[in-house]
Amino acid sequence: MEFLLELVVSVLIVLGGFFALVGSVGMVKLPDLLTRLHAPTKATTLGVGGALAASMVFFAGFEGDLSIHEVLITAFLFLTAPISAHFIAKAHLHEHAELRDGLPPTGRAQGWSTFDSLPDPDDEDDGDDARAAHH
Amino acid sequence: MITHALNFGFFALSLAVLLNLWRLLRGPSLMDRVLAVDTMVINIIALIILFGIQQRTTIFFEAALLFAMFGFISTVAYCRFVLRGDVIE
Amino acid sequence: MSLVLIVLLPFIGALFPALMIRAGRSACAASTLVFTLLAFALLMSNAPAVFRGEVVTASWDWLPALGLQASFFLDGLGLFFAGLILGIGMLIIVYARFYLAKDDPMGVFYTYLLLFQGAMVGVVLSDNILLLLVFWELTSLSSFLLIGYWKHLPEGRQGARMALTVTGAGGLAMIAGMLILGDIAGSYNLTDILHSKEAIQASPLYLPALVLILAGCFTKSAQFPFHFWLPHAMAAPTPVSAYLHSATMVKAGLFLMARMWPVLAGTTEWFYLVATTGLVTMLVAAGIALFKDDLKGLLAYSTVSHLGLVTMLLGFGTPLAAVAAVFHILNHATFKAALFMNAGIVDHEAGTRDIRRLGGLLQLMPVTATMAMVAGASMAGLPPFNGFISKEMMLHEAVDTVWLGNGWIVAALATLAACFSVAYSFRYVVHVFFGPRRSDYPHKPHDPPAGMWLPPALLVVLVVAIGLFPDTVAGPLVAVVARAVTGGALMDYHLALWHGVTPALGLSAVAVVVGLAALAAYARVRAAWQAGPHPEAKAMFDAFIAVAETLAQRMTHGVHNGSLQRYLAFALTAFTAVGFAAFFNAPHAAGTRELLPAHPAAIVAWVLLVGGCALTVALFRRRVLAVLVAGTVGLIVCVAFIYLSAPDLALTQISVEVATVILILLALYFLPKQGPASSSVRADPVRHLRDGVLAVIAGLGMAGASWAMLTRDGTSLSHYYLENSVSGGGGTNVVNVILVDFRGFDTFGEITVLGIAALTIYALLDGALFGRVGRRLSAWSPDLPQSADRHPLIMVVATRVMLPLAMLVGAYIFLRGHNQPGGGFIAALVVSIALIMQYMASGFGWAAHRVKVNYHAMIGSGVLVAAATGAGAMVLDQPFLTSTFGHFHLPLVGEFELASAMAFDTGVFLTVVGAVMLALANLSRMGRWTSPGTINKSAMDVDPSAPPHKEQA
Amino acid sequence: MNHVLILPILVPAVVGALLVMAARYDRVLARVFSVTSMVAMVAIALGLFVIASDGSVRTYALGAWPAPFGIVLALDRLSALMLLLGAVLGLGVLLYAINGWDLRGKHFHPLYQFQLMGINGAFLTGDFFNLFVFFEILLIASYGLMVHGGGGLRVKAGVQYVVTNLVGSSVFLIAVGMIYSVTGTLNMADLALKVPQVPAADQALLQTGAVLLLLVFAVKAALVPVHFWLPGTYANAPGPVAALFAIMTKVGAYSIIRLYVLAFGAEAGAAAWLAAPWLLPAALVTLVLGMIGVLAARSLGQMASFAVIGSMGLLLSTVAVFTEQATAAALYYLIHSTLAAGTLFLIADLVAERRGLLRDRLVPAARIAQGGLIATLFFVAAIAITGMPPLSGFVGKLLVLDAVRASTHATWMWSLILATSLIAIVGFSRGGSLLFWKPHALPPGPVAAHRADALPFVAVGGLLACLALLTVFAGPVHAWLELAAAQLYAPAGYIEAVLGTAGGLR
Amino acid sequence: MEFLVASAIGVMTAAGIYLVLRTRTFPVVIGLSLLTYATNLFLFATGRLAINQPPVISADAAAYIDPLPQALVLTAIVISFGMTAVVVVMALRAYLETGNDHVDLPGDASPEASDDDWKQRGRKQTAGPGAKKGGVRA
Amino acid sequence: MAARPPVTDTRSRFERWLPHPWLTLMLVLLWMLLLNEFSVGGLLVGFVLAIVISRLTSQFWPERPPIKSYRKALSYLGLVAWDVVVANLQVTRLILFRPAARLDVRWVVLPLELRSPEAITVLAGTITMTPGTVSCDLSADGRSLLVHCLDAPDTEEAVRQMKDRYEARLKEIFP
Ligand code: NA
Ligand code: NA
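Read top to bottom, the protein sequences are chains A, B, C, D, E and F.
My numbering runs 627 ahead of the 1-based position in the first sequence.
My numbering runs 33 ahead of the 1-based position in the second sequence.
My numbering runs 591 ahead of the 1-based position in the third sequence.
My numbering runs 588 ahead of the 1-based position in the fourth sequence.
My numbering runs 628 ahead of the 1-based position in the fifth sequence.
My numbering runs 113 ahead of the 1-based position in the sixth sequence.
For reference, chain A alone in the conformation it holds in the complex (with noise of 0.2 angstroms):
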């Protein structure tokens, strides 16, 4: 039992730390921004996934203790890390205003929200607001 326990730990740290580097290393390798988006969103959030779990079993399994915060991180990190990429994308396509060529069309009267906006903005109509102190 302590050894499967042991191997599940184990198994769990190594392919952590096997996906954090495989995403580390598509970073550095892929050829672009865009593609190197790809593997820290996926491989690094996995590796750091299975580190989380090998924690929770190893504590859950050798110190007695029921620790399950760990999905919290997990859940966390699930959570946030696509968004992160979609930011970074889009402040990328900010970044390179050539890109907006190669971009294919929405397939809608409006373009891409990074470039466009709506035609009629519905949401500017107060401009004292701004200058109401704001305490």
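These aren't lab readings, by the way, just hints derived from the structure by calculation.
It is possible that some hints are incorrect.
[Stated by the list, open to error] Here chain B is said to cover these stretches of chain C; the calculated rule only asks that three of the stretch's residues, wherever they fall, bring their Cβ under 8 angstroms from a Cβ of chain B: (1) 848 to 860; (2) 1220 to 1227; (3) 1242 to 1256; (4) 1372 to 1379.
In this text, a Cβ means the ideal position worked out from N, Cα and C, and glycines have one as well.
Chains B, C, D, E and F with the ligands: place on chain A using the hints.
For chains B, C, D, E and F with the ligands alone, coordinates are given in the frame of chain A:
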């Protein structure tokens, strides 16, 4: 066995962090560097977790949690800065 | 006590004229006169005692530790001078009433005059030489005001400053001299000092003390080479010149030499310093006086010359010379004050004081002319006037004096001076009053009103009276004064007009003849004079001051040139150099502590940190990048804290890190995103190299100090905290217990700092919304292209999910902080940053509208909660911040702990949230200000689930 | 339990917080709060002064934790004196400021209160890390006050001020760290016991820390070469703020006197009188540079600033003699120079407020409203600050000259003190003549009207009256100061009082 | 490990000082924060180094690191956070007021310190989609 | 401020205190995760906190996220978790063994049928975390998603897979 696994984990993650540093040095664009730091933070979280296993302590959990939270927030802040200039508008 | 009153009366009186001016000029003058008269009467009431040979004293311990006593004494010398000051003062007061013009602020004048008078009386009545110094400097100050009285005249202002500078410098030297003297004598009281002649003259410090004191006397009495200020002080109104620069202030130096004569005189040093200075002054000034065209200038140099005469006499060091000196002081005061007033009358009535524009006034101003002739003759040293008698005495002493083995040189030079004296005196009389009447006087000259001529007339009467009956009129006074000056040395002298045919009489005759001849040949003499060089002392002085000012400015503004880099370079160099010097000056031995092995991951972290630092330095001009990379350095420091058993530090550091990044990015919106080329290494490699060298040395120093520290064992207080944390502080997280309990006071201060920081930030930003900066901001547009979506949908959703999560984490960190890593501060940052995320995602307008909390109030209430928690203990008569805690048991819930430290931590929490939010929210308000058209009402740019083009709440 | 000791810190903290919360919108209320608090602080300080006058050291163990483990406040004569001085100056300046200056930006009053909290805390604390905290409080409040009202130059000078002090704060921590690393204590009294026991091997670290700390205090005290922040800061700060800052340099001086007599004094073994060789030359150079600056100044504010630098040089050179007598003299001069400098800055502001864009620059311009009165006030203040009689500057200078007589460097000190006095006299007469006399030489024009409010003049007059009292009562004041100095030079009483502080209930 | 920490402190100090000596407010701020890291790490190190000995009382802990320096560093971090915030905003205000972010006061020392690049920038209309949108009002 | 009416609260007391009951429960669960041990006291505190926090934050999330089926949501989570692992293996293979030049990098546009912002966000997140795709942008009207594919020879297929595998399921979870 766990010790060896940990050693491998430390090795892999350290290497990963160094690769992140390389990307941070090289860039070329700001977003590349933001991505590098973002990834570095995640790798560091993994390192912290492994360190916790090695030291048999859960005392670093909150640090890992805050690293995750704040890493995300600062990444978003940088993105917003690039996108809009004004982080809060 | 009356002595104190004599000194005080003028000062008390000084309050009145300035206030009474509305009551009229005469009332003003009258009040001045009354006080002077009162003082004079008091003085006179003491006179009989003095003449009886008594010394009247009054004393009050002012600063006993220093030996500074407000003690006064009145002996013959004091009586003489005080009488002179107050007596002539009264005349001047009357004279000035008529002299000053309607638009001259008369009240101010009399105030100044009384201040001066009080100071002078103080000088001559002081028993304590430190007190004397006080009054001494006061005379400089009040005379500064009087000389500069006509503020509109540049000569007045410059003359005042010059006088103050020269006499002030002398005064400062005298301070040193007096302190030395007092130290030698063991007391600062004159009465003691005057009995310490042997000790003083035997002291190795005698010469420095003498030189320093003489510096004061010589400057005050306008002795060569410090004589130059006096003629320029003549820019003052004539009453001032008459009072200060003939009768009183310039005599203060003489007074002091006379005062100190018993202890300081009689040595070789004294003789050569004082007599020589006096002789040279007498000669040089007399020579210059002859060629002055300004009446007051002529009189001024004449005064200098006569002061030199007295100085020389005092310098001779013989009792008889001292008597002559005293007598001449009296005589000079009478004729010179009369002449100054006379010159003032001429100026007042004829409209000019320029001798070249005058002449022939005899018929027009007969009274004035008569007075001038009498006083002038006295000044020339002609019999039967008082000036003659004292000059004779002087020549008599001069003949007896041997200077560097030379028996005739003093007499010869003194006679030469007397020649000049005769010449300029006659020039004054002849060139002004005799000769043809002119048609081009600026005014139509006539004799002045009685109020103006009576005061000098009174003096002229004295001139004659003393001249005719010296022993009767002045004898007793001179006797009592001389006794005071010489310390009671026995001497045989006789004041009389006629001493028989003596060498002095012969020299006098020579002087008259040569003087008259010189005047007869004035044109040629003057031509000869003008052919020679005349170093103009004022020009030299001005040049000196100008050079000093220029140097001072170069130095000051050259060093303090507004360059922060320079300031910091100086400071950092100082820190580094001093650090190294202190370290290597003290014994040091290498540490013996067992070292920790380096974990490979730690080495990697080290590489990251060094790389981050290097990259920050390399990229410092690309600002966003610099922030990002410096942030990674901070991140590594956090990791180091984790690795090195400091979880609380790591939590705090990472939270602060993010808040700082957001803050900096908010500010960077307005700032240039790229440092200018001029700040690049290429633009100024030398400076970068210099800074780099300094930085590396300082870095080496810090590394060395750290190494020295880390490699040795040390003692600490930790055991106490570890032992008492649970039992006394109720928490297992010792760091937190230290923060909120053991050293909670630090934390109380620390949150106050944060609160103040936020208030400052608020004030700074709020102030930027108005005025010039506000207009600039309104006209501002972003300097980088902006992406189109301001409030992206995905981000809004993400932050909405994150907010409750983060608040939960915040609560968790807050509640467990006392026992596990965490606490109020970190919790506050977590919550604030989560809130800020809402601002980031949905915009300032939207988010601010939903935050119902007033951040100012939050800061205030946080500080108050912390203070109230602390003060709660005071109610139980425990010290501020004394904590308490207890374990409680509730069914179901089980055991839990409540600690007052939690309430304190709540204060911390509130303050920090308030501070961070106030700062960040207001910084973001700035951004709104620049583009007010973009206030959003909805949380996201577009909500696809809402009907198109319809407002969403 | 005598809670009065905490009040000088607690009262401004609470009032400051209340001002932030409640009295933010109501200027009258804010002024009432602020002035009441200042009056209370004067009263408290007077009370503490009386309490301290019996010569014993009172302590207050915060949180009831005994020293050296907890933070202890300690009140001796020196602390009481500094508290009283700060409160009196603070009240005077506040009375001046509530005539309109306080409305030129936000949060003047809370910042003012917090400023005093920091200053009072620095004077009371017996713990040198807590001293750091109070330094930071007074600094950060001073940042806010410094830029109060805004304006390009002011804010830029503010940046310089802040940056310099941030560097200083870093070094403060480094120095504290070095000292802690070899002595293991943060309590000044405990430090005094530990320093003599520091082995030779650790002396280098200890002394480096101590000397660096000295240099940090020197930054606050504006000693060359770390004085550069002062002229720009003071000359650009709002007048009343600069006036209040007159006490801030004294915080540096106070800290030097406190720590280097207590912990690095006669008993400190290898580190005995550590500060003297560093302090004296620096102070003398400061004296010279400051007074030369007076001569070179381009504005009245600048002149006052350099006069402050010069006076700090004089003060600290006297301190550097490290004898009881010299310290007593230095303390007398400290009181004098604080009040004199504060007054002078207020007068500079009176002038600046009346001269439009020219402010207080030393260039002739039209006459100003209430010019005669202001000129008189200036004359008196200048007399005080240049050390001319009859005011306390002269008495102070005499005391200093007398006290340093025994020093091996007496000749130098005397020469420099006297020579620089002359430079100051020349500088101030030049400035006064330019500002108050020369306008009379210009063609008379209309004098710009200016509100002739009494309050500012009352404030200035009140401070000058303090100088006059200081002069008249020089005897008793100095006698008191001699006792204060004697108390400093017999540190056993202080140490015993602090370390003997009972830990309350525990 | 001690060497790593000591040298890291040195490196951060050096980088911080170099940046603090730059001519613009921004690098100065960055330099200050590096200097702060160095200072905090140094102050922390006065408690000497220890691994896995956090100062949290627990039954199974063998030893504890000196907690006092940590508490001091915490205070120092918080204070320097406040200070940094103030200096950043003050630098911003100075830039808005004077139109340049030079650290020097305008004068002879640095002619650049009197430039006003804000003025020129205010006139320049930046072409950006968002900026354009800001001007359109419904 | 005058231009804008105050944010009026027309909700019932229940809605006000439990604006998002599921969120509140979620928070309680998270709280227990954070505590890392079970105790009644902890649970009580958790409930109090969850209620207070959801009350405090409800202003920022005024519209309830309507989830139609929590069962489907859970199964969706499982699906995604599995896909993440698969995605990683794929990406690992591409990173380690495929020369960069041979990657078939493409942009793909995913027209969205989902309308709820929450749903769109979840979809975008899912796409990023799963095989070879990163969602990079939304169209300005929020109805198309721009997806970057690391190696997608067949864009049609990619779009179809994303729609079928994720969007269809999300449509059953979110309205
Ligand atoms: Na603290
Ligand atoms: Na804590």
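Hint-by-hint comparison with the structure:
no.	hint	verdict
1	848 to 860	violated (count 0)
2	1220 to 1227	holds (count 4)
3	1242 to 1256	holds (count 8)
4	1372 to 1379	holds (count 5)
Checked against the numbered hints given earlier, this structure breaks only hint 1.
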